[in-house]
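Residue numbers (this note's numbering), protein chains in the order written: chain A, 1 to 256; chain B, 1 to 256; chain C, 1 to 256; chain D, 1 to 256.
These aren't lab readings, by the way, just hints derived from the structure by calculation.
Among the hints, erroneous ones may be present.
[What the hints assert, rightly or not] Listed next, with one range per pair, are the computed distances between beta-carbon atoms: (1) A:Asp115 - B:Glu168: 45 to 53 angstroms; (2) D:Glu168 - C:Pro16: 25 to 33 angstroms; (3) D:Arg250 - A:Glu154: 17 to 25 angstroms.
We treat Cβ as the ideally placed atom computed from N, Cα and C, and that holds for glycine.
4 protein chains.
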Amino acid sequence: MAEELSFPTGIGTSDPTTISLLGQDLAADLMGKVGFGELAYWLVAGRRPTPGEVRVFEAVLVALADHGFTPTAIAARLTYLSAPESLQGALAAGLLGGGSRFLGVTEDCGRFLADTLAQAGEVTDYDAVALDAVTRAKQERRLVPGLGHPVHKEQDPRTPVLIRIATEEGLHGPHLRLFEAVGRVHPQVLGRTLPLNGAGVCGAALADLGLPVEMLRGFALLARAAGLLGHLAEERRRPLGMDIYRTVDRNAVYEP
Amino acid sequence: MAEELSFPTGIGTSDPTTISLLGQDLAADLMGKVGFGELAYWLVAGRRPTPGEVRVFEAVLVALADHGFTPTAIAARLTYLSAPESLQGALAAGLLGGGSRFLGVTEDCGRFLADTLAQAGEVTDYDAVALDAVTRAKQERRLVPGLGHPVHKEQDPRTPVLIRIATEEGLHGPHLRLFEAVGRVHPQVLGRTLPLNGAGVCGAALADLGLPVEMLRGFALLARAAGLLGHLAEERRRPLGMDIYRTVDRNAVYEP
Amino acid sequence: MAEELSFPTGIGTSDPTTISLLGQDLAADLMGKVGFGELAYWLVAGRRPTPGEVRVFEAVLVALADHGFTPTAIAARLTYLSAPESLQGALAAGLLGGGSRFLGVTEDCGRFLADTLAQAGEVTDYDAVALDAVTRAKQERRLVPGLGHPVHKEQDPRTPVLIRIATEEGLHGPHLRLFEAVGRVHPQVLGRTLPLNGAGVCGAALADLGLPVEMLRGFALLARAAGLLGHLAEERRRPLGMDIYRTVDRNAVYEP
Amino acid sequence: MAEELSFPTGIGTSDPTTISLLGQDLAADLMGKVGFGELAYWLVAGRRPTPGEVRVFEAVLVALADHGFTPTAIAARLTYLSAPESLQGALAAGLLGGGSRFLGVTEDCGRFLADTLAQAGEVTDYDAVALDAVTRAKQERRLVPGLGHPVHKEQDPRTPVLIRIATEEGLHGPHLRLFEAVGRVHPQVLGRTLPLNGAGVCGAALADLGLPVEMLRGFALLARAAGLLGHLAEERRRPLGMDIYRTVDRNAVYEP
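This is chain A alone, in the form it adopts within the complex (with noise of 0.2 angstroms):
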């Protein structure tokens, strides 16, 4: 059967003498030109950042990078260990921990802060709308994304940093302001006070870069993905994957 296929892209073309991404020349326009993060913003939102939109951009993406020995990072380094010859897979593997409980808290709360903005129309008063929100949550049992932290119980350091870089660059805009709010009202409908945390800061930041709510979660992976490179760099030079595998195995009891 022969047929007409056409699969379009804004994204990126090339033919033998030229490369196009995102409608750009590759090599004469962008290399050398452009920043990775700025890329990366281009990319997903279709469009050019600002420098001050690329600033708090990068601030996001610097926050998220890395927390330590997280899930996602053991898991990277336990499958480098076992398969070495695939840095690929041992990426992917950390990667895939990006969900519900752990990176997925930006998207979450970016989409929260975004949802209670489209259906409050105008905002007058943040702290209304953030008490009315927040009560709806506790009525439906819902937790309320970016307030609290198991290690930073009273405050996240990530939070005001990331609130002072987008005022600054003059990006603090409806969500930050919402979120803000939602930390001041909280502790009179939760009846105890909760740091904003990292991860809910950052979606709110994206948010009001105008970034789609439902990429934000790409951005959190992208962080995380240096971090992950990060740790099997360190795990090729000084491995810990074998100890901690063996300090499970050896504590293994066997219980039916």
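Chain A is already provided as a structure; the job is to place chains B, C and D on it using the hints.
Okay, now just chains B, C and D, sitting in the frame of chain A:
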């Protein structure tokens, strides 16, 4: 069994008030002050790069981020089609194609050049060293990594640009010099003229930055992660996966 | 810090002379005495199945092993093309498509039936329960899992056969009964007649075997692992990946 | 551009009324009539196995399904902890550890034996061939695959049982004979006595079944998929991932 455990790491640790990354205070010293590419370099190399090193490094990441509808981009889109709720799965599926035949060239080329230089000792005549290495490769029926490209049959547009950027930054070192020499001398051994490809020149440039050759594939993967996010964001807005899948499926022919 | 660690498991443990699996002596009691499907059932359910349960279970695995050039099969082949040295990466890439839209139907259907039965209490009239459930699904604009198939628009050939096998083995239980009732009553609610699809009947049959509904996707993945190995073995002997990739790439059209 | 496409496959095709698998009618001829292990064999080998071959093959799959808290099982559990909504991601993460150092032994051993036999031509004295092969391996500083085990230092309990099963089924062929000869002769070359391990004997048995050595890792992965599902089902019922993660994290020590 009571035991003393200790898992040393120079990547990241945290306590209730601080997050450390690479021995720095993440919030106070890194966020907003270090770029994302810069951080990725630092994480793997264990030292902060200079601005010139960052420029070359980010040019490499930009060069490797995408090459259109590669097998990895298609695999990521098809996986997203099947499991759109798991962006991390689609990204991981794409990265798993970062193996020997496509993305692996960057690492293979860096290693080939580094091994050749290590055997050669002090080099005064790069063409002679290259001639020897290409001749041996031919005798042993090994391919010379970084030579040839299925699309860019005459010249890969990325190659001269990256060499120029490295030169501008004073980072045109022995690996790039040897790679250029391979470009000059291989026709007399192989009997035909092949272009120095983009993946290869990226490997040479990364090796000149002093990055460990065993980790070069990792940078290709990091770069590709950004490109794959671009494909997945586009797939979300304007899906192609179903059309690709159906194109294959409707042309299936049973043949034992 | 000295600490007592204990990681309890009923799956496997070993010492210098013995390997235990599920509390059995692997070498003495399992190898050559238990089938592979039987073992997979036992591992997940925590109890050894009867021969009849094994027959139904293996019929499900056979039914779900392959469905031609699915997105998952194509993704696995493309990943193998890019990284042929890493069979595990190609298999993993294929399995990562085992999400909500394709393989997920088995689990979704099992859960839908189990939830409906849990709410209904003791059932005397399956058609009434099915009618109520389909009506509610329609009102809430949810799809009824297990209904309809893009290719098998009239009848999915797997459905009657699996029902027959379950009946032969005395394992035609409430989930299959309810599923059949859905097949009878949905036209009066939805206004058109859809076939009961194979993924759905497999979910119903697995639920009737008493397997936990949260793990049903796992069996679909295990089945598909065998099918993917078939595709990858064929890809090694008679490659298609390059042809698929080029078909897409040569028909790429730039469109912002 | 109108084009003729054709993607030949002997695995699976379907039309509105039929699903074909391996040239058979899936519903009429395979479901309920072929076991799952049997189907996996058929898919990879391209021919239906005999009952004896099935018994040996399933004994191998049972032998390789699990080995307690392996790095792959831990990686799968940690990934499930992070992303419990994506069972496919946790399974894939576990399988990605199926590389050279752990699961790869099965394939490496099968290939070592097959290569040795191919070079030896017709064999009358297996001990002489084994002695020669082990001696060469030692000279070239290569490990002999299938020798030695970190836990089972004297004897791996799986080895004699699999040899017995293969013998019972008349499938004790040249690869197993050569493997046993390696067990007899290696002490005189290596100066110490190592056990023939379970992964190795499985590779020998699979090679004697005529399965392609390049796919042997695939069977180890299929077997392990079942074991990983067992771990994940247990992780769902009685989670360990958080405890493993915290054990590592609370013993992290910063060391540049």
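Here is how each hint holds up against the structure:
no.: 1; hint: A:Asp115 - B:Glu168: 45 to 53 angstroms; result: 47 angstroms, holds
no.: 2; hint: D:Glu168 - C:Pro16: 25 to 33 angstroms; result: 27 angstroms, holds
no.: 3; hint: D:Arg250 - A:Glu154: 17 to 25 angstroms; result: 19 angstroms, holds
Violation of the numbered hints given earlier is absent; every hint is satisfied by the structure.
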